[in-house]
Every structure is written in structure tokens, then in C-alpha cells.
Amino acid sequence: MKTLKKLNNPYLPAIIGTVALLILGQCLSKGFLSMNNISSILMTTSILTLASIGQAAVIISGDSGLDMSVGAIMSMTALFGPMINVGSGVASFILMIPAVMLMGAVVGAINGTGVQMLKVVPLVMTLIMSNVVDGFSIMVTKGQPSVMVGKELQGISKTLVGPLRILPTVVIIILILLEILFLRRSRYGRSLFLAGNNRNAANLCGINSKKIIILAYVFGGAMAGFAGLMLVGYAGTAQMNMASSYTMLSVAAVVIGGTKLTGGKGTFIGGALGALVLVLITNILQALNMAAGLRSLIQGIILIVILMMNSRAPKLRQ
Amino acid sequence: MNKVKKLMSWNAFPALLLFVIFLGINGVMTGGLSVSFFRSFISTNAGAICVAIGVTATILVAGTDISLGSIVSLVNVVIVTAFEKGFSVPQAALLGLLTAVLCGMFNGFVVGIMRVNPLLATFATSIAFAGIALWILPYPGGYIDFTFGDWYLGNMFGIIPTPVVLIAILVLIWIFVMKLPVGLHIYALGKDVKKAYASGINVAALRFFVHTFAGLAAGVAGICISANICAGSPTVGSAMSMNSIAAAVIGGVSLNGGIGGIWGGIFGASFLSILISIVVSANLSSIVQSFIQGLILLIGVTVSIAASDKEIKTKIKRAIGGKR
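Residue numbers (the numbering used here), protein chains in the order written: chain D, 1 to 318; chain H, 1001 to 1324.
For the record, the hints were derived by calculation from the structure and aren't laboratory data. Fair warning: this is a prediction, and the values are worked out from it, not measured in the lab. We put the CB at the ideal spot given by N, CA and C, even for glycine. Take every hint as true, because none was put in to throw you off.
The calculated label-pair distances, taken between Cβ atoms and stated as ranges, are:
id	chain 1	residue 1	chain 2	residue 2	range
1	H	1179	D	29	56 to 64 Å
2	D	172	H	1165	56 to 64 Å
3	H	1295	D	97	25 to 33 Å
4	H	1029	D	139	19 to 27 Å
Based on the sequences and whatever the hints tell you, model everything.
Next up, the structure:
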């Protein structure tokens, strides 16, 4: 019981939110809890989860770290990833994954260098990088992307593993592995927390905090790149700026999952739960067949309410 | 000499310098600067400058506001719809301004009184405001009487262009606030929240005020843009919020709060606007334009931050000055 309490504390709001939204969804539209709908919810969630894992690493790195280029990186890899063609479909699919992660990692490396070496504030640095990346995508595709998404790539949302589609299954495994082996147990993960908590203490302990934080941005970029490829595989077609909304969604997911924006604390699993809450909200509103504007209004209000309940700063008077 | 030194160490100086340099480049490229160029420049970009003023105010207290672009869209939609419902143009414009101030007050409530992180809070409200705009006017369309546009492109008091007057009103309000004790409190709050609170500053009220002012600025920006295009579009301001933050940073406003001033926002936004007009008038193909804009923006921000960073400054001085 004690361990349960300890484990659940940061996740509790997200879990309660998920359950409440599931019940609400079933009340408002029948068939909401059908296997088909749930698996499509999990599909969208897993894409947002991938983006939020990278975002969480950057936020944990502290010093108001934030990656606003997630959406731009995802849009870029969604356009460029499927262009890789080495003859056989399977081989090019296998090649695509490291290629898109490399693309994202390069952008992340520029972000990290700007933040750590040139001392540009993360928010601005990554914001401007997202402009550059978007411009680069337009330049390369000449503004008229013609993307053919191969069968293997589309397979990520069509192949079934038991009751689930393959991508959510893979993402859940990746998530748990990263959480335990990368964030909690590895030397790098621990140094990341220390660097995010107290930069000076980390430096005094002999940790090269600059390198650690730049690597966090690289990791964030790579995860965003991977998420972009999965997005295009799920959507089947690619457009310019198709993922631009994912930037702030990933930040919101991480925060709803109990990670503080001040850094030094946080989990990947929390981000996944936050992503689930966000996707559920959108999904319920879509099921109600509302006008797009009203839907976005309600989405905004729900988000404000969640933020007011979940992430208020402590009172100044203590 | 002393004055020159003072100017050089001014926070907004790099932005001013960049603006002047790029103004010169633009003059060379288009064959001389004319009064009509300035007129069209200010009337096109007054909106961006107003939004930058608003966002600068929030950044000074170590916050941000990324909902201003959505507020601009909402004001535009409100003005167009009110005009079509039979209100006169001034009534519609006032209604738009009122909407913007209410939105700003809501932001101030969530950030100041409910103590939610400003970035996330205004992200959530920006979704809500953009939703209202899209709800009222689902598709771009509608029109405003052209007298509105004529008023905007004309002069006030004989010689001063209307957009300049509108910006000046915002600047005067801000200068007036700065003369009051509240002005000092804003900088104190930006430097250190806890110390500011301990010395008896009403943190919540100050944040509320700053976001309301930002809402007002977005309202003025919405009027400028509506008058300039004389049409309605629910997404007209969507790109403005992020650009205005970049503008403020180029203008030497520190995102950690407490450093910089309103002129930084104004010159930063002017620089960004002239940059866009140069890239457009350079006859580059539209495909490369946004990439080059992004690159120049990146260089601009890096340079202006390096210029204000004391550590890097002394390094450069040592490298140039030798023994001095």
C-alpha cells in the first residue's frame, strides 16, 4: 500500500482524469468504449507520447528548458522520412527509423548548442529553430510535398498484436524501458536529474552539465523525429506543417503528467498519461460532432481547468 | 561622448542598430527611402509592433503571453461581425477593444490569481480564444466599411499617420505607468518574485495588470490589422504571438524578467518587419524565403544576446583592445 501511494502520487490527477473522461465519453456517445475506438485512441496517444518523452527529457534538464521545435521536427520528418527508398520496402522502412532520428538529433544538437554555448533562452532558441526547420522543409519540398507512404510504414497502424495495434504495443514497451533503464537507472539519467535540479551542485560533482543538457536536447529531437515518422505512417499522407500543434500538446501532456516546468523532476510515464488525457478530450469532443471552433473553445477551457487544479505554483507566503 | 556610451549600453541598442542597418539595405535595394515607404511600412506592421509592446510588458515580470495572436484574431472577427450586425464602425472597434481587454483580464486572472505558469496558461487560453474566433466566423470573409481603412491610412491632427498615433497611445500609457511606483514594482517583480513579495508588492495584482495591458495592446493591434485588411479572418493573428516574443528578445528584453523596456519590443518588431519586407523584395523565390527569414532571425537573436552578455562582451573587448 505504501509503495502504491508513493508510486501514484504524481500520476494521480492524470489517472483520475482518464477514468472520468472514459466514463463521460461512454455516457455522451454509445460505443465510445468499443475496442475499435479505444485502439484508435491509443494509436493517437502513442504518437503524442513519443513526442512527450523527448519533451520531458528537455524539461527535466532544467533552466526553463523547453523544446518548441517538436512540431517542426515532426512535420519535417513526416515529409522527408517516407522519401527514403532503397528498392525493397522493408529495407527502406528499417532505414527510415535511424534516418529520421538522426534528422531530429541534428536539430536538437543545434538547439542544445544555442541554449548552452550561446546562452539563448530555450523558449526563443527552439522557437526560432522551428521557424528555420519549417523554412527548410518548404525549401526542400518546394512547398508541394508529394509523399508516397509505403505499405510497411502504413503497417504500423494496421498490423495487430493481440487486441492492440502494433504501434501502441511497441510504444508502451519503449516507454517502460526508457523510464526504467534510461531515466531511473542509467548514469546519464541520474546526472540529468541532478543537472536539472542544481546546476552548480552537478558541476561540483564532476558532471559536465553542459554536455548532459545538450544531449537532452539531442534526445528530444530524435524522439520528435521518430514521432513524425509514426505520424505520417498513421495519417497515410503528409502535408506542410501537419504536426505544428504537437509542440504545445507535448508540453501540456508532460505538465499534466506531473512534471514541473522548473526542471529536475519528472517521469516519462506521466507524460504518456497526460497525452492520453489530451487525446481523450479531443476524441470525446469529436464524437459529439461539434463545430470546430466550439470544440477548440471547450478544449481550451478544459485545459485551463486542469492546469488550475494540477499545476498551481505554491503560495508565495510560506 | 558620454551620451554615445549611454546609447551603446542601452538594452534596445542592438535592435535599433539592426533595424537601421536593414532599413539602409532595404533603401539600397528598392532605390531610396521615401515617405510613402514609411507610411506603408508602419500601416502594415503597426499590429506586430503593438503585440510586441504587449508581450514585452508580460516578459518584464518574468512571464510570457502566447495568447495575444489569438486575441488579435478574435478582435478582428468581433469587429467584422459587429459591423455586419449593424453597429457603426467606431462602435464595432470599441467592442473589439473591450473584448481584447476582457481576454487580457482573463489571462491575468489565471496567471496572477490562480498562479498557473504563464506559458501554459496562455497556451490554454489561446486555444480557447482562437476557438471563439473560429466559432463566430468559421470561414474567412465579411467586410468592413472602407471609411475604416481610409481613417487608418490617413492622418490624425493633420500630419501624424493614424497607426503612429495608436502606437503612441500605448507607449504613453506605459510611460505613465513607469512613472508611478507600480513601474518600479514591475521591474522588482521581474528580478525576484520572492523578494518583491517580501517587500510588500502585490504580486497577483501586478500580474493581473500586466496581462490586462497586454490584452489592450492586442486589441489595438487587432484594430490596426482589421483596418488594414478591411476583412475578417479567424486565423489572422495566429503567427503573431511567437514572432512577438522573438521580437522582444531581439530588443534586449530578458525572458528571465526585469531587464529591458518597451522600446526593445518596438525596435525588435520593427526589425522583424523590415526583415520580412527585405526578403520579399529581394526577388527570392517564395520557396527559400521563410528559410532565409529564419536564419537571419537566428543570427539576429544570437548577436543581440551576445551583445548584452557581459562575459562575452569582455572577451571580445580583450580580443580587440589588447592591453586596455
